[in-house]
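Enquirer: First to last, the protein sequences are chains A and B. Using this note's numbering, the first residue of the first sequence is number 813, and each one after it goes up by one. Using this note's numbering, the first residue of the second sequence is number 813, and each one after it goes up by one.
Don't take each hint at face value.
One copy or two, it doesn't matter: identical chains are merged, so the pair holds either way.
Keeping only pairs whose Cα atoms sit at most 30 Å apart, straight-line, the calculated DSSO-like set for lysine-lysine is [said to hold, decoys possible]:
id: 1; residue 1: K826; residue 2: K1081
id: 2; residue 1: K913; residue 2: K981
id: 3; residue 1: K1093; residue 2: K985
id: 4; residue 1: K826; residue 2: K910
id: 5; residue 1: K1099; residue 2: K981
id: 6; residue 1: K981; residue 2: K1086
id: 7; residue 1: K1018; residue 2: K826
id: 8; residue 1: K910; residue 2: K1013
id: 9; residue 1: K913; residue 2: K856
id: 10; residue 1: K856; residue 2: K997
id: 11; residue 1: K826; residue 2: K873
id: 12; residue 1: K997; residue 2: K826
id: 13; residue 1: K1093; residue 2: K826
Don't read these hints as lab results, they were simulated from the structure.
Number of protein chains: 2
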Amino acid sequence: MKTEDITTSLDALKQTNNRASVLTTNELASITMIEATALAAARKYFAESGFTEVLVPHITKVTGACENIDTLFELDYFGQNAYLVQTGQLYLEALIPKLGKVFCIGSSFRAEPDIDERHLTEFALVEIEFPGDFEQLLVHIENIVHAMIHAAAVCSEIEALGISPERLKAVTKPFARITYTDAIKKLNEMGVDIEWGDDLKSRHEKILAGNAPLFITHYPEAIKFFNMRRNENPLLVNSCDLILPYSGEAVGAAEREYDHGQLLDKLEKSSMYKMLLERGKTIEDFKWYLDIVSEHPIQHSGCGIGLNRVMQFILGSDDIRACTAFPMNRESLM
Amino acid sequence: MKTEDITTSLDALKQTNNRASVLTTNELASITMIEATALAAARKYFAESGFTEVLVPHITKVTGACENIDTLFELDYFGQNAYLVQTGQLYLEALIPKLGKVFCIGSSFRAEPDIDERHLTEFALVEIEFPGDFEQLLVHIENIVHAMIHAAAVCSEIEALGISPERLKAVTKPFARITYTDAIKKLNEMGVDIEWGDDLKSRHEKILAGNAPLFITHYPEAIKFFNMRRNENPLLVNSCDLILPYSGEAVGAAEREYDHGQLLDKLEKSSMYKMLLERGKTIEDFKWYLDIVSEHPIQHSGCGIGLNRVMQFILGSDDIRACTAFPMNRESLM
C-alpha cells in the first residue's frame, strides 16, 4: 500500500475554499470517474437483485430527519417549517408493501459548521429497504460494498492516482463481524476508556477495523434510531454499522420494527422524539408512517451507505473532502 | 389510444394532500416501476455513450439558478444567503475540460406556490453537458428520450395501468423539428394571438406538437438563459426545447457560449442578471464559471430533461402529480 503517494496525489483536492480552482485538475477527473464507477456497480447490483429505484423528497417534515436533529437545515416552505432531508428511509419503507425491494440514491444534508476532514453539509447516501431479516441485510450490504470496491479496483483511474488496486482486490466476503458488546470489551482490554452504552467514536472504530471492513452489530437501543427492531435481549437492537479503514462508519443499518405498538412505544421513548417535543413538534408528523406500518406489518430491513465514506476507503484517504468533486461545507458554497 | 382509461386508473394519484394514503396502491407501485425503467434506460445510454456521472451540489449561490430566479428557495447557510439548486448545468460545464461528456440526475427546486397539474416544487432533472455542437445535442436528446419511452413501452406495468404500449412504440427518430420563427408563423396562421419575441405558452406547445415529440429550435436570445450561444442571426440562440404531447416542454437545451467576451456581455445584458443586481448580487458570484470558460474555451452543449414531463407522455397523463411517487407541492410536504 502506497499511502504516502496517495495522500500526495489527492492533497490539492482537500481544498474547499475556491473549489473552482481544482475542478479542472486531472486528479479531480480521476476521483469523479472512480466515484461514478462505484455508483454504477451499486446500481448494477440493485438491477440484478430486483430493487426498484424511488425518487424520495428532499424537502420534508421531521420524518426526513435522522437521530441528530440538531443538524437539520431549516427552510421556509410557504410559511410551513420544513427541513432538508437527512434520510429517505421512512419514505422508502412506505413503498415496501407493494414494491418490495426499493432503493434511493441522493443527497443527505447536515448543518455541520465544522470545516474539516470528516464533516460535509451535503453528501450522497445510497439507501435500501426491503422485506427481509437482519442476516439478509448484512449480505446485501456486503454485496453492495464489495461490488463498489472491486469495480473501482479495475478502474484505470486508480493506478493513474498511484493507488494500489491490490489493497482493494484483497477485500473479500464475508466481512468480519463483532458485536457492540464484544467491541467494548476489546477496547477496554486495549486500555481504551469507554463504557457499555457509550457511542463509539471514529477513533474507536478505526482501531477495531484495522485494515479490513468490519461489521459492528447489536448496539444498545438507547443510542440508535427509534425504529430499529429490538433484539431478544431488550437492551439491544438488531442494528449494524459497517466500519471501513480510512473513513470509519460507512454504513448504518438495521432491521426495522414492524409491530405498531412497539414502534409507537420506541418512538415516544426515543431521545430524538424528546428533542422534537422541545421544538414544539408532535407525534402527528409521524402519523402517516405509523399508519402504514400498522396496516402493513411486514418484516423489513434497510441501510444507508455513505458513498463518500466508501470512496475514502477506495482512495485510501483520511480526508472526505478529497473524495468527491463538490465536497460541501461552510466555505465551499458556490 | 385509451386516454379515458388511463385518466381513470391514475386519478387517485393526483392527490397531494395526505399523499401517504396512496403510497401503498397498485397504481403508485406501477408508475414507480415505470419511472425507474425510464431512468435506467437513460443511464444505459449514458454508459454506452461514454458519459460520466457527476454529483453536483444542491445548495448553491446564484450559479445554481435558472432563468426564473423568482422561484428560488432561499436558505440560511451559516449566515450566508444560499439557494436550493435549480440546475446543475454550470457545475457540469466546469468538468467538461477534463471529463468530456458528463451528466447528473437529481432534484431541481422551484418555489412554486401553485397546487395544480403543472407545478411541482421539486422534480427530477436529467442533465447532460458535453463537448460538441447543436446537431450532436439534438441527436443525444432524441436518443435519450427515445430510449426512455421505448424501455417503458416494454415494461409490463404499462399494460397493468391500461395504457396502450402501441402509442409509445410509435415514437420514432428523428423527431420533427420546427424553428421558433416558423412556429410563431404557424400559430398566427391558425389564428393564435402571439408575436415574434413572446415566449411560447404550454397551450401553444401542445397545439404545435400534436401527437408526437417536436423540437422547437432557435429561440430569441432575449427570452433564454444567458449562456446559450448566439446564432449567425444575432437575434437568435442555438437553443432547442423538446415538446411532448400531454406535458409540453420536457427538455430545454442549447449550445453554450464559450467565447469569454461574448459570454460576459450576454450575462451582463440578461434579464436574469438584472434581477440579481436588484437583489444586491454582483458579477462576483459568476466569476469562477467565467474564469473556467476563459481558460478552457471548448465548444460544448447540454440540456435538462424533466423526468416527470417524460413520464407524463409515457403515462398519457395531463397531470404531473400522477406521474411520480412523491410529487412535491405546497400541500404535499410530509
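Enquirer: Taking the numbered hints from earlier one at a time, note which ones the structure violates and give those numbers from smallest to largest.
Expert: Hints 1, 3, 5, 6, 8, 10, 12 are the ones this structure does not satisfy, whereas the remaining hints hold.
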